[in-house]
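Use these hints to put chain Y onto chain P, whose structure you have.
Protein chains: 2
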Amino acid sequence: MSEVKKWNLLQEDTEQRMAQVKPLFKQGKEIDAADTVLLLEGVIRPGDRINIEGNNQKQADFLAEALCKVDKEKVHHLHMVQSAVPLAAHLELFELGIAEKLDFAYAGPQSERIATCIQEGKIKLGAIHTYLELFARYFIDLYPKVSLVAAFEADREGNLYTGFNTEDTPAIVEATKFRQGIVIAQANKIVDKLPRVDIPGDWVDVVIEAPRPFYVEPLFTRDPALITDTHILMAMMALKGIYAEYGVQRINHGIGFFTAAIELLLPTYGEELGLKGKVCTHMVLNPHPTLIPAIESGWLQAIHCFGGELGMENYVSQRPDIFTIGPDGTLRSNRAFAQTAGHYALDMFIGGTLQSDKYGNSSTATADRVAGFGGAPNMGCDAKGRRHATDAWLKCGEEFNSTQQLLLGEMPRGKRLVVQMQETFREKMIPSIVERLDAWQLAEKAELSLPPVMVYADDVTHILTEEGIAYLHRCEGLEQRMAAIRAVSGYTEIGLQADPAETAQLRAAGLVKTPEDLGINRQRANRSMLAAKNIKELVDWSGGLYNPPARFRNW
Amino acid sequence: MSEVKKWNLLQEDTEQRMAQVKPLFKQGKEIDAADTVLLLEGVIRPGDRINIEGNNQKQADFLAEALCKVDKEKVHHLHMVQSAVPLAAHLELFELGIAEKLDFAYAGPQSERIATCIQEGKIKLGAIHTYLELFARYFIDLYPKVSLVAAFEADREGNLYTGFNTEDTPAIVEATKFRQGIVIAQANKIVDKLPRVDIPGDWVDVVIEAPRPFYVEPLFTRDPALITDTHILMAMMALKGIYAEYGVQRINHGIGFFTAAIELLLPTYGEELGLKGKVCTHMVLNPHPTLIPAIESGWLQAIHCFGGELGMENYVSQRPDIFTIGPDGTLRSNRAFAQTAGHYALDMFIGGTLQSDKYGNSSTATADRVAGFGGAPNMGCDAKGRRHATDAWLKCGEEFNSTQQLLLGEMPRGKRLVVQMQETFREKMIPSIVERLDAWQLAEKAELSLPPVMVYADDVTHILTEEGIAYLHRCEGLEQRMAAIRAVSGYTEIGLQADPAETAQLRAAGLVKTPEDLGINRQRANRSMLAAKNIKELVDWSGGLYNPPARFRNW
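Chains as they are written, first to last, in full-length UniProt numbering: chain P, 1 to 555; chain Y, 1 to 555.
Excised from the complex, chain P in its bound form:
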């Protein structure tokens, strides 16, 4: 008992590492880009937990590439804890043997390569998380020792301007720095005076002016020209059968053409239904270009953003009553708070999925693709800690009551609407509603504890296909819910098991509604309903403020 326990090992360790790279500093906290590899070799030790910033949008790509260049005799066995792994460099770290373990949330274009790396033993997979869940673990058991983040501008005291693409930076930096870790920022530019401070200089150890601006992916841009009549039919069903029926005001739209179609129908079909000002008034989502007509038509009161969207910078700046804007006139996006709002302050999550099973569990994972979850499960669930009531939430809860009573007795509770949209067949005639999710195979191959499900059957309230809407939470018991799913599953194997008499009963009971049941004329479901039919028309709606990336400019 006489030995004195040390309580500042983390601090001492960090001080030793920083002392080693001291000669690299130029002025204040600035280090030359050419010294980045030396810096990383100096501050990173084998087995460290390392974060490279990057979600589905901005990427600390220069730092990621520099990490690939370290001497792997010095730096190896790293445990990467990071939102996303969409860059080639992220996977290269594993292929080179610099990194060995991965905890993440979203894979994007690398989903197949990750699956291969796992099967080849190059990646030991910790877990697949939602963004907010991973941030949560950064504060408990997965805090990074070194984080590599991205900013628009930095000053030599370490202050960062993350502006339009603030995104994950505050969560990563806080979790790292206050566990005595090391924060290294790449900036597009090092300046004397920042437009505004997003991250205080105290929290940052090193700033580097990168040789090129950080990469940003315009993930949330959908060209209206690619919206089909089926998308439009399903969007009409959503508006009439769900938005109008529940009076849903606070919403997240997932990424994809289904929700892009809904956005472009608000000022047309939505107005016709008399819904303006009554539904879809508050949203949490990235600045989708396809929302421009609805914003310009006065539908939206407030939008909070996870991140930015390339080309929307100027438009967003000129709409400060709608978006969260800093004193410098630029968007403040913040993934942690936007996901928190998505979990607790929304009445509905609506988005597409790749595959649902006969019970209503759905997933975007297939046997050979570890896609990750991003933010979907965090919003696509019935947030159990929610306590405030809205009309939509109460109505949905009442409809769920017969099931809920099995668990709560006579105690009532509301329920969030979680809507999964999918055509019964995907590209190449792959059925989207199946007996058993591909996620089971993936779990086996990647040795996951559980199949990676995006939305569980007890959370999904509506499955919407081109055949109709299944109001799952209104059903009594698993058998009836499965029947409702069959009834909207068309010519898939699951759909062919539907019993026409049973389907008729479900329709009569309002548990399934076809376009006809909803009074929707299929003839009208065509592109003339869209408020904008292509990217050019979105630019026009914006009065020239929207500046689409080159690849979307086809006029």
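These are calculated hints, taken from the structure and not from any lab test.
What you are looking at is a predicted structure, and each value in this text was computed from that prediction instead of being measured.
Some clues are possibly wrong.
Repeated chains share a single entry, so a pair holds when one copy, or any two copies, can fit it.
[As the list claims (entries may be wrong)] Taking lysine-lysine pairs in the DSSO-like style, the calculated list, with each CA pair at most 30 Å apart, reads:
| id | residue 1 | residue 2 |
| --- | --- | --- |
| 1 | Lys122 | Lys536 |
| 2 | Lys276 | Lys428 |
| 3 | Lys395 | Lys122 |
| 4 | Lys276 | Lys124 |
| 5 | Lys5 | Lys536 |
| 6 | Lys26 | Lys193 |
| 7 | Lys5 | Lys278 |
| 8 | Lys536 | Lys26 |
| 9 | Lys69 | Lys189 |
| 10 | Lys395 | Lys6 |
| 11 | Lys124 | Lys278 |
| 12 | Lys395 | Lys278 |
Same frame as chain P, now just chain Y:
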């Protein structure tokens, strides 16, 4: 269509208000404390949404009192959106007719007065939230126009040092400022150079040196001298029947003597059970003084804090490997991130409650007390968006499987442990397990949409009384769960309905365990088991680093 819509009304409105108070500024963003009432009359308009910072700990009390002094001809009909209303001044605003509507999370000592104000029509109640849920709404539909926050120090550029008690400040300031609102900070001191920057100066409009330091409530301090043998027996049951059985590592302890007893048994009974390093290694909670012996004995690897705790400043600073500490050597507490971690990164919530019903729903509300929720429901629920697995979470999910299959089909899922501890009778022999929660009466009186339930029956996994542990999630169906509750309800009316034969079956099936079933010798459940028996011994354990508030110093 020719009229030009304005998109910067919020901004213009703020500029007009700030222009009106321009003459009050001394140097930079500083205003004299004597001008505070003038300032508030200048920047606040009737009907505004206003936030006064304050949770269960630090309070922007000077600003709250100043707001009570405004001319109510000028300032009235305010909609207060704030974490807590524990100060007399908070309620005075309503009694004076300055404020009329309230959205909040926690009432503390004002719970009876709030109930009265609601019944007298002086408070229109929006909703009762959890902290994180309310923060979420700040970013969507409840953003404050003016926020009044508290800091230790500020400089004249508006930078704030919130240090040990950072707590809610980042969430409030970000939500307010980036919706073009106005942020006013009271600081204990205005200085030239801050120890560290917690809030960048860009985000703050006004700083005021308050005439006295902000008030902080030592809410999480429990004197070990008040721990009873029953608390100790129940703590032993928790350790052996839950911590050990599930190997739970990441935990939140609710406030109260039950969990204080658990903390003080870790280095004694916990070591005896061989649990050190295996359970309770990572925690999210305030720096409870009763955790000192466990920390000193090497039980804890990491703690993340919602807020500070009076008297623990120095101790926490000297344990930087355990707590989140800034470069200045002081705790960085952050309620938003700690609650996020509490929701998504923990395997167990364990805490006391006042009342459970026969189904297992529990609440701290009684007919005449609107207590609020604080953070409990956010942690005391099965976070549905969670996707990473731990052994404890998987085991609990497997045990819940027969119930879960009714909703998910054959799809497996984990489940968080949610443990409610209560003696079968409270003070004055009031039964704590009842037919129907008092929350029903409160809902009626306060015109709430739903009874304010803290933990719902489908989230609670264990009810632990001095009679035994009911493993509710292992039961099949509502009837069996109710029987398990009856079996641990002692001599309450609910307990007297227990059928001894049925209880014997439940015990045989491991659905109910008494101290004897757990192999716990009741004779040992006495105060000699505690690692510290009073506050003085906690100070000794801390090597004199813990500096308890005067009211706890009785030696």
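Here is what the structure says about each hint:
Taking the shortest alpha-carbon separations for lysine 122 and lysine 536, neither the intra-copy value of 45 Å nor the inter-copy value of 54 Å comes in at or below 30 Å. Taking the shortest alpha-carbon separations for lysine 276 and lysine 428, neither the intra-copy value of 38 Å nor the inter-copy value of 56 Å comes in at or below 30 Å. In this assembly of identical chains, the alpha carbons of lysine 395 and lysine 122 lie at most 30 Å apart only when taken from different copies (29 Å versus 49 Å within one copy). Within a single copy, lysine 276 and lysine 124 get their C-alpha atoms only as close as 50 Å, which misses the 30 Å cut-off; across copies the closest is 27 Å, which meets it.
For the identical chains of this complex, lysine 5 and lysine 536 are inter-copy neighbours only, at 22 Å across copies versus 67 Å inside a copy, given an alpha-carbon limit of 30 Å. Taking identical chains as interchangeable, the C-alpha atoms of lysine 26 and lysine 193 lie at most 30 Å apart whether they share a chain (18 Å) or sit on different chains (24 Å). Taking the shortest Cα distances, lysine 5 and lysine 278 sit within 30 Å of each other only across copies (20 Å), while inside one copy they are farther apart (62 Å). For a Cα distance limit of 30 Å, the shortest separation of lysine 536 from lysine 26 qualifies neither inside one copy, at 47 Å, nor across copies, at 51 Å.
Only within a single protomer do lysine 69 and lysine 189 lie at most 30 Å apart by alpha-carbon distance; the minimum there is 23 Å, versus 48 Å between protomers. In the homo-oligomer, the alpha carbons of lysine 395 and lysine 6 never lie at most 30 Å apart, since the shortest distance is 57 Å inside one protomer and 36 Å across protomers. For the identical chains of this complex, lysine 124 and lysine 278 are inter-copy neighbours only, at 23 Å across copies versus 49 Å inside a copy, given an alpha-carbon limit of 30 Å. Only within a single protomer do lysine 395 and lysine 278 lie at most 30 Å apart by alpha-carbon distance; the minimum there is 16 Å, versus 45 Å between protomers.
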